[in-house]
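Student: Position chain L relative to chain X; hints supplied.
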Amino acid sequence: MSAPTSPANSATPDVSARRASAPHASMFLRMLLRAAVLRRGRAASALLAMVVAAAVATAMMNLYVDVQAKLRTEFRSYGANIVIAGKDGTSLPPEALAHVDQTLAGKGLSVPFAYVVARTHNGQSVVVAGTDFARVQNLNHWWSVTAWPSAPAQALVGTRALNNVSPDGKPFELTFQGSKLDLTPVGTVQTGAAEDGRVYISLPEFKSWTNLEPSTIEVAVNGSPTEVNAALQTLSQTLPTADVRPVRQIVEGEARALGKTRATLYAAAVLIILTAALCVLATLTGWVFDRRKDFAIMKALGASETLVSGFFAAEAAALGAVGAIVGFALGIGLAVWIGRANFHAPVVPRFSVLPWVMLGSIAVALLSALLPMSLLRRVEPAIILKGE
Amino acid sequence: MFARLLYESFRRQKRRKLLAGIAITLGVAVATAMIAVATDIGDKISRELRSYGANLLVTPQEDSLDVEIGGLNLKPPSDGAFLSEADLPKIKGMFWRNNIVGFSPMLPATAALGESGSGTTAPLLGTYFAHDITFGKESFTTGVRTTHPWWKVQGKWPSDDSQDVLLGDRLAAKLNKHAGDSIALAGKSHRISGTLSTGAGEDDEIVAPIALAQQIIAKPGAVRRVYVSALTKPEDALARRDPKTMNPELFDRWYCSPYVQSIAYQLQETIPHSHAEQIRQVAQNEGTVLSRIKGLMLLVTLAALFASALAVSAAMATAIFERRREVGLMKALGAGNLGVAALFFAESAVLAILGGVAGYAIGITLARQIGRSIFAADISIQPVLFPVILAIAIIVTFAGSAAAIRKAVQFDPVFALRGDA
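Protein chains in written order, with the working numbering: chain X, 1 to 388; chain L, 1 to 421.
Treat the hints as calculated values from the structure; they're not laboratory data.
All of these numbers come straight from a predicted model, not from anything done at the bench.
Any given hint could be a false lead.
Unchecked claim - The list that follows gives simulated cross-link-like pairs (lysine-lysine, DSSO-like), each with its CA atoms no further than 27 Å apart:
1. LYS156/L with LYS188/L
2. LYS244/L with LYS90/L
3. LYS174/L with LYS87/X
4. LYS407/L with LYS293/X
5. LYS293/X with LYS14/L
6. LYS92/L with LYS233/L
To be verified - Here are the in silico distance ranges between beta carbons for each label pair:
7. ASP168/X with GLY80/L: 18 to 24 Å
8. PRO346/X with PHE10/L: 46 to 52 Å
9. ASP43/L with GLY310/X: 50 to 56 Å
10. ASP43/L with SER144/X: 23 to 29 Å
11. LYS180/X with GLY155/L: 47 to 53 Å
12. GLY89/X with ASP79/L: 17 to 23 Å
13. ALA377/L with PHE28/X: 56 to 62 Å
14. ASP79/L with SER179/X: 21 to 27 Å
15. ALA376/L with ARG34/X: 54 to 60 Å
16. LEU367/X with TYR7/L: 31 to 37 Å
Note that CB positions come from ideal geometry on N, CA and C, so glycine has one too.
Here chain X stands alone, though its shape is the one from the complex (with noise of 0.2 Å):
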């Protein structure tokens, strides 16, 4: 294992005292280095194939573990997935409101609504509502309003409540138990649901009114469903006199959009990340074969096979790794990219899928380099020599 095998150390005059000085391990250091060196289109090219592939694998691990977070955000649009109500259609306590936010502690909104039935002048039934308008315009993007209201006294009315208390849009005049209110008109809201046939007020002045706390409070709790679950727990607990109920038709509808999408996210990544690796396979398993003159003098030379797989075994692992790294660098790149493009929100850099990354690189690459490894020992080194 002494002899050169690489012809850039030919004629140096202290070249022994080199040799002398240094162990084997730097030879072993230097054919590597040099290998990648000397046949640097190939070198390159074998690198190009595991860069991609580490870069497509970090990529679409990153997007499967990140994209349920992204997704669950969309899903929220589409309001709340519990809702407390005073148990039989009674208020709930006034200190309810407080003691949920602080159970969500910020992980979701929430808004109180109470409700009565009041007459207008003419002597027709109307729901009012009175709820927080800023509360209620975090929540429910859905709604389709035309201007909220901002001053006191002032109501949003539901675009069918409109033609029975208010044609004209003027000011009109609601009772309930004998007291009245009046209200001015400034805005509509247009649902498509029964939030079409209310009037909404704002929360105080329904209190002051009616005397009536909240009956219903909608919540929307982010996170997955084993967190809205821990977050109904608690709720029912904090609130022994309410009904604390999931809203089925958003938990289940959600839970079926999103495994459905995660499963063919799952499908791609499995695809995408195989062919990555089938292809880098091939290519390492050409590279390795084409050098199978390398191996051959080095056998001649008198190098056991033992060294000689692990000079090809420590090439490949070499590649892996550097391959790891930058792909990983370029996936999260990717990855990143692709969550601002389509979320608008930055996909996070998962630095734990690096070592499955590094680990799968370098396992297939040394697959790749003691494959043919395999074939070439039975071979004879003269028969390779001569160029069969």
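Tutor: Relative to chain X, chain L alone:
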């Protein structure tokens, strides 16, 4: 001679050709599968999103105001206007009939509990469960089991032509009734075929076939509202425009696009004296979620295409790089640069076409498999995909080979033959 060179090259270098061919086949297969899935995912996910329930609501045009709190309607059930049940099958005759996944008519009523017909009352909701409807030659099954998939029944769903009822689970707990018991409504005894859990107002109600509700309020054929679940296209600027302000050409385009607005318009045309409106909570969000998922799959597909293109290029470059000696020999024997390049390109083309066809076949099988295992439905594959995929395969293979061919051709035959390659 050219043909023979080409033929011999494939015959004698089976291993190398096979490796390059496998790389192309794999790349094309993944590209095909991803494109097929990505083009069809909108349709598939849009069906999944239908599990959020109906996105359109049809009500009588002259309806009086609903007085509804927490899903319970406080308006007297016989008050206001009604739609006619006989008009409903026409929904399956309108332009976008194939986009209608299902519809459920609803008729609220109040039922007196107990043998004597007096005493306590409970709200009752008449609807279709899985009702068979025929319109023209087509038959069709629709009802809440399609439009309200989150309704869960313990026991059995009643049949639509029976007198059996479902009891909301909270009402059942209050009355201490179970599936299989019987309950007296307006003096008549009905079997409770199951208890219903919906997580909403229906948990406190009796849900019955619509005929029973019509009987109770003595209005045969009456329907208060119809929930329609339709497959729609995400809203765009055209969708939001008022059809009254459109010119005829634009109106036709609007009418013939499955926007939720145009389907509402057609429902109004189909059912006399009706008003149809989108349920914004479902309809509006569907578009957003759908476009996000479609966008995601599109970008993933691009990544897959990019990866397979590079893989194919790398494989082709390797395959040509290995054959410098051959080039040297050919050139020494008098072949021109053009001739050598032509041979290599011809080889690439043959590889690309063979790999492309095999990859396409594998790819569509993969796509079908994905569709069947994830969505329990076949992915529809556009016939135009085949030429597109083949063209991509040839372009990518050529692009991948080009640099390597140029280098190989420029190589000095002397060095190549001496073995310094």
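Student: Any hints this thing doesn't respect? Which numbers, in order?
Tutor: none
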